[in-house]
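**Student:** For reference, the chains in residue letters:
Number of protein chains: 2
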Amino acid sequence: MERLNCGTLRREHLDQEVTLKGWVQKRRDLGGLIFIDLRDRSGLVQVVFNPETSGEALQTAENVRSEYVLEVKGVVVARDPQTVNSNLGTGDVEVAAHGLTILNKAKTPPFMIEEQSEVSEDLRLKYRYLDLRRKEMQETFKLRHQTTQSIRNFLNEEEFLDMETPMLTKSTPEGARDYLVPSRVHEGEFYALPQSPQLFKQLLMMSGFEKYYQIARCFRDEDLRADRQPEFTQVDIETSFLSKDEIMTLTERMMKRVMKEVKGLEIETPFLRMPYEEAMERFGSDKPDTRFGLELVNISEDVKDSGFKVFSGAVSSGGQVSAINVQGKSDDFSRKDIDKMTEDVKVYGAKGLAWLKVKDGEFNGPIAKFFSEEETAALKGKLSAEEGDLLLFVADKTSVVQDSLGALRLKLGRRLNLIDESQFNFLWVTDWPLFEYDEEEGRYHAAHHPFTMPEGGDIKQLKRNPEDVHAEAYDIVLNGYELGGGSLRIHQKEIQQEMFEVLGFSQEEANEQFGFLLEALDYGTPPHGGIAFGLDRLVMLLAGRTNLRDTILFPKTASAADPMTNAPGPVDKAQLDELHLQLKLAEQSGSDI
Amino acid sequence: MERLNCGTLRREHLDQEVTLKGWVQKRRDLGGLIFIDLRDRSGLVQVVFNPETSGEALQTAENVRSEYVLEVKGVVVARDPQTVNSNLGTGDVEVAAHGLTILNKAKTPPFMIEEQSEVSEDLRLKYRYLDLRRKEMQETFKLRHQTTQSIRNFLNEEEFLDMETPMLTKSTPEGARDYLVPSRVHEGEFYALPQSPQLFKQLLMMSGFEKYYQIARCFRDEDLRADRQPEFTQVDIETSFLSKDEIMTLTERMMKRVMKEVKGLEIETPFLRMPYEEAMERFGSDKPDTRFGLELVNISEDVKDSGFKVFSGAVSSGGQVSAINVQGKSDDFSRKDIDKMTEDVKVYGAKGLAWLKVKDGEFNGPIAKFFSEEETAALKGKLSAEEGDLLLFVADKTSVVQDSLGALRLKLGRRLNLIDESQFNFLWVTDWPLFEYDEEEGRYHAAHHPFTMPEGGDIKQLKRNPEDVHAEAYDIVLNGYELGGGSLRIHQKEIQQEMFEVLGFSQEEANEQFGFLLEALDYGTPPHGGIAFGLDRLVMLLAGRTNLRDTILFPKTASAADPMTNAPGPVDKAQLDELHLQLKLAEQSGSDI
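Protein sequence lines, in the order shown, are assigned to chains A and B. Sequential numbering of the first sequence, starting at 1, is according to the working numbering. Sequential numbering of the second sequence, starting at 1, is according to the working numbering.
Since the hints were made in silico from the structure, they are not lab data.
A pair holds if it fits inside one copy or across any two, identical chains being indistinguishable in the list.
Straight-line C-alpha distance at most 20 Å; calculated SDA-like pairs for lysine to any residue:
| no. | residue 1 | residue 2 |
| --- | --- | --- |
| 1 | K105 | Q497 |
| 2 | K105 | G456 |
| 3 | K263 | Y481 |
| 4 | K309 | E375 |
| 5 | K256 | I215 |
| 6 | K382 | G361 |
| 7 | K244 | T19 |
| 8 | K126 | N511 |
| 9 | K105 | L242 |
| 10 | K142 | L548 |
| 11 | K142 | E159 |
| 12 | K73 | T19 |
| 13 | K380 | D331 |
Looking at chain A on its own, in the form it has when it is part of the complex (with noise of 0.2 Å):
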């Protein structure tokens, strides 16, 4: 007999005998009849026991209580047409009940297990493993095993070869902080969990695979925000001798595919292409919602020589001046609420918003004095800005200006409900500076990773100007998140080497860490490149959810911590002893644990 599960009981499935194991969602005594809504991973079905056919099954269900875990025998019948429940997959049907056994009993639990919770999440995380029994948790791991395996399936196909790279590597100092794990057996050394499979899939094209993939766990050891978490998923994919066209092109199908297979959902492909320096200029970000308008326009031009002295000073000290026009809105925005978007923008750095309205066709506001009337016609026509639109201005140097407009634009885009949730904008961003300036640490660092392929391979410029030469990285965009990131990489011993140079590493330091990337740069490196992709960010997105903790079985609160088994924990001395180590404690001497 085919096994017939709680939620998938139908119509077609009258009079036949079940047997049914779960959980009760719900038992409610009606006129001597027991109806116990019984739930299993497919869904809810309502079970009924009645004195005349359910037999000592009756007398069994009245100790029944809510998450005892029951086997029910019985036979599918139609629910009377009253009482049909059309929010229900399996409301057309009951099973009428003539054996029950309680497989195991439950306590009450700490909180009700239902699809909306509004339970705190400390509790949640603490009775994971009842949280998980919620409907839209069971549902969200689901779409995410769908989503794995949709990948999977798709990289299968075009004959990639899933690969398990080391978790137990060495630590190094570029990147994040590792978490490290001291050897036993070698006194005073330490692994460190990767932070990626970076180098290992390089060797893996140095090995002649040309094309890997893995699904791999990360670790980073920092603070972690709302969407990071110590450990975290990433589809790893590197190939060799392809392009970077190739690549995108690639990663666009496979998108496709996981749209098509995961939310049934059918994707445009090529994605969008925008330089990074177009991404920064229009959208304040690099990492662009593209569901929404309200882009920044640089006004710097027409500014450059007003008598506000804010605006031509910010243009005249290397700065600049940009704006956003909220169309149609300027009698939604109080004298209050731009007082509060100015804290907003000050919070990147702003010293203030400027604004304005137009009204009776004429600028309108604290500023409007200072422009001429050829500034005032420039600028509408620029910023298309017309009858009861509100504009929001920000003057400084160009990172400030946007950054707090980038921030200022998404607020005003959930704020005035701008945003197509049901929406998928996908993006690459393109044209990446190869390093970022610490200005901090006098130096530069890798924007994406120091083995980035600087464009067109070229190492003149790589010595010459650092801070002009872009790489050639791709990142792929999101909704407004950062989906994953991937480049070419230096397949060329001299150009690896210039870049630690340019990264401030001397040679020795670049031979103790990276030694044996340099040395295997000698024997046939091909052209190689990859992408890589945040599997929790991804499905976090498409199970259209916010928390990445929810996208995530078992994971840790915001200090890295684990509320139900109590990781991280105490250990023996005799652990530690073996470890060659000893706690040295803030408030101890260091001599004793």
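Start from chain A and add chain B according to the hints.
**Tutor:** Just chain B now, with coordinates in the frame of chain A:
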């Protein structure tokens, strides 16, 4: 144009224009022509450069050496009949090159990239990226890919969900030694890397997911042997509501699928099921290699009153006497051979190895005189002893008899070439004891793990006679290797508590370490069970290899080090400070690093 790869070219591609990218396997210059064997992931093809049609490419080819990375443009042409190479898939054709680009150069590698490598494993691991270019390594990792895909496809079709459990977990003293990860945020506390996802997969059953799988990395900080690695990969499966038989049947169907898809072999199911006691008695092993005979025969009953005191004494003091009949081989074993085997069994604690040869219908050998006519007849019958047979005996306590003869049996099987290497003999070993008694520590250990269901869930027996309780456990054995093991798990709190008590946990200790599990058992835990397989070992057996390291891309040496990256390595004092740790080295005071 379809992308054609080196190893895929055939007569059907004659006259096609191709662009190949790959590595130089070999270059030969012959009569003004240059021949290059070009290698990519798909295999090898011969490329020819000649003065007539190759143009500049011929000059470029003169600079080419082994392991250079090339892009070759050319036309597929037929080889002269006398130069056809039938050992090569592409041996009917060659590529007449008219274009050549050197994509990257290569120094002379430290060893040849060839099929059978005689190079030391240390050198192979240091230059792993070169070692992995060898054909047999490429094929092993393709087979590994196929194996995981086959397993995944099967489990996906069976509606299992692929789910990721945490890697940063809590340390538990039960089981093998944990790898620890110090916490930066929680002073003096540590995560542990998982030895298996055991508790998390049980929690997922408590979460109602019903069918879980994961191909999971696991970690054990144990001293390494040839078939152990600090990190290894486990195919991890858990189900709710299934019986032991249903789980075993599911596993058999999975293995049938893998054998069919990966090896093209139809294997018979159900697999033989053998109780643990029978396996020990007949094969002297809990993971019998059933590809050959040489079974152990217990002759205690027949010799318990024998005049040979070594035999009768062993029986009367509670031990046993068992024998192996090496049929028809008595002439193949000299006195010296037998002395050597005697040394071999002594390793397992046996005091000696008794022997008899059957010659002219009589027992022959130093102990023959001790046996009465009746005893001789009984032994001949029990051991099916015939002319020319060699009989080998060990008399001792049961564990010594089984261990020593079990090991001897394996040695004899190999020496006498009795093992059919093309055979895949799967076998279930069932009816395991739940506990092992540790005489040194004077306490019970869990034979599998502390979450294994006692047979029949019998809590009374558990309290009264723990040593007699069998486990609801099953190991799967392939050709003498333990491939995996599983069990039904405890789903009732009282039994789990009793289990911890038998294992010597105080109630406080049980709550401290497993409180979350005990609490979870209160809230409606379904009956559940599962199985876990060593993927590395499965791949090793499928690939016909004997070294586990050959199935892992970047394995560790016997001292848990990676000779390529030099992991583990020292870290900065600043990193240790952040982790509230200091080193405590053998030769130092521990106050400094």
